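**Q** This is what each chain is made of:
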Amino acid sequence: MSDKIKFTIDDVEIEAEAGQTIMQAADAAGVYIPRLCAKNSLTPHGSCRVCTVKVNGRSQASCTQPVAPGAKVESETEEIKAYRKSLVEMLFVEGNHYCMFCEKSGNCELQAVAYRLGIDAPKHEYLFPARDVDASHPEIFIDRNRCILCGRCVRASKELDKKNVFQFIGRGIHKQVAVNADAKLSDTDLAGVDVAASSCPVGAILRKRVGFAIPVGQRLYDAQPIGSDIEANRTDK
Amino acid sequence: MTKPKVATTSLAGCFGCHMSILDIDDRILKLVELIDFHKSPVTDIKKFSDRCLVGLIEGGCCNEENVHVLQDFRKNCDVLISVGDCAIMGGIPAMRNGISLKECFQEAYQDGVTVYNPSGKIPSDRELPLLLDKVYPCSAVVKMDYHMPGCPPSADTIWETLVALLTNKPLDLPYELIKYD
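Taken in sequence, the protein lines are chains A and B.
Just so you know, we're using our numbering here: the first sequence kicks off at 90 and counts up by one.
Just so you know, we're using our numbering here: the second sequence kicks off at 51 and counts up by one.
One or more hints might be untrue.
Said to hold, decoys possible - BS3-like mimics (lysine-lysine), calculated; alpha carbons at most 25 Å apart, straight line: (1) B/K125 x A/K212; (2) A/K170 x B/K219; (3) B/K80 x B/K184; (4) A/K212 x B/K193; (5) A/K143 x A/K174; (6) A/K174 x A/K264; (7) B/K184 x A/K264.
Stated by the list, open to error - For each label pair, taking beta carbons as the anchor points, the in silico distance ranges come out as: (8) B/L79 x A/A224: 46 to 54 Å; (9) B/F65 x A/E106: 35 to 43 Å; (10) B/K219 x A/D325: 28 to 36 Å.
It should be emphasised that the hints constitute simulated quantities derived from the structure, not laboratory data.
It should be emphasised that the depicted structure is a prediction, and the values quoted were computed from it without experimental measurement.
From the three backbone atoms N, C-alpha and C, an ideal C-beta is built for every residue, glycine too.
For reference, chain B alone in the conformation it holds in the complex:
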């Protein structure tokens, strides 16, 4: 029997949640007995070539590329899980939501005290994904099936959740494992 596949991605996140996935330490050996990693920074597989059982999403959506990747995950994964507070509510990147894009660009490329940019130009290469007006939680873009809060969720939370899902058992996390920070 082929093992179910798990895909992961980091959108507008800091890769901290992926570090927390790796923090399951030697349990990752048990995990690869249960699953195969498909498209993920862990495997460096870039494109979906197979249906995945689980998609783990770190980070919210701050640009159009994030939206495309997230929609691609929704199409190719049976179960999508927001991993961490950025995927759930935008997180630190969403702090710009009260500030206009124009002001953000001016601060980052023109007026900021540490900016060195003699041309004064704001990058506009067509290779660069367009920023969205705001940073959006993943659930504002596609349907997310489950949410794993934390910044990052602890390795134990991720482990318990994945094992429960893969072995089709109810998840009963102890109090200490559900935290928003």
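This is chain A alone, in the form it adopts within the complex:
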């Protein structure tokens, strides 16, 4: 038991195992840190920066930053909350997010994080980018209008499905998720049961013919904010 590491998040003492990330230790203690690209079963990516915290005064992505003894982590400060809000608002204006008819609405992590952060409308100018839809696959489609480039599909396909169906191409504003085939999603070996097909936090990669199955009011984030499941395990109460 001597390898337990003690540190604090917003002055709450947290006990962690050596080698854990700040996010893993926070989750175990029932302290929710907002995130989009991080998913338990996947290698941390550190790309969305929504999980940014301050560790001893320096900004770090909590999904990639290992715990350190005595570290003073700040998460729910006004400064960091404003920073997260701005990041999520930028994701909304950078893509084409039409929540009103999206199949993922109510179960969407981007939307749920925005609700949790209290975003009424993005402050930034909408870009209305031209993005495409690939519906060639019999079971799955990609709508790049909704993609936030979290890379979960890329990692899930590589790490869990052992297939490498998805990959990033391009840089900066031109970056997008491409498929590992000459042309279309139907040319890849993606199967409907693949983890990559259900790893998308938004409505960019979805199964066909199951949209709108759950009525409004019973969807994942209709009544409970995202992170409620983690907070239910709060240990310091």
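Given the coordinates of chain A, assemble chain B onto it according to the supplied hints.
**A** The following block gives chain B in isolation, referenced to the frame of chain A:
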């Protein structure tokens, strides 16, 4: 003391948000104790003749008339509120933003499978407002003071927001009342 005035309009919207305003049901009787409706589809008053405290804007701007109406509201209202996702981000009409105007016209008046238009002409009467190149969120045209998301925002959201504003109290909406769909 005269009651503050509230004006409303539907720009490039579907009137769903106005239906949601009416969905406050009998609370509308309490509302008219607090305010008078001025220029609005509810009263059919066409022109501003008085300063308004609040302007409720449904829909984004898809044509020049929408822009003129919105600018008129900005001039005549102290507080402008975007009501619903179309006012906030363009909404369903903004789906045309990735398509050129020419293609939109061709599809609507010439090539669409259900089009009946023997002359093949695209309407160009000068009485018709010119379409903008894109559908713009209201905040891209004038300064909007507050945003009420939803498609439409629920009647409870609209009620709570208006009452908080009119009684000068902070607005603390429960989680269930802020939704983007």
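**Q** A separate judgement is required for each hint: does it hold in the structure or not?
**A** Do the hints match the structure? See the list:
1. Simply put, B/K125 and A/K212 have alpha-carbon atoms about 22 Å apart, close enough for the 25 Å limit, and the pair holds.
2. Proximity of A/K170 to B/K219 is assessed by CA-CA distance (about 24 Å); at most 25 Å being required, the pair is judged to hold.
3. Under the criterion of a C-alpha separation no larger than 25 Å, the hint pairing B/K80 with B/K184 is inconsistent with the structure, at around 39 Å.
4. Pair hint A/K212 plus B/K193 holds up; C-alpha atoms about 11 Å apart against a cutoff of 25 Å.
5. Between A/K143 and A/K174 the alpha-carbon distance is near 16 Å, which keeps this suggested pair within the 25 Å criterion.
6. With a C-alpha separation of about 22 Å, the suggested pair A/K174 and A/K264 falls inside the 25 Å cut-off, and the hint holds.
7. Between B/K184 and A/K264 the alpha-carbon distance is near 24 Å, which keeps this suggested pair within the 25 Å criterion.
8. Remark: the range hint 46 to 54 Å for B/L79 to A/A224 is upheld by a beta-carbon distance near 50 Å.
9. In this structure the hint that B/F65 and A/E106 lie 35 to 43 Å apart at CB is violated, the actual value being about 57 Å.
10. Our hint of 28 to 36 Å for B/K219 and A/D325 holds, since their Cβ atoms are close to 34 Å apart.
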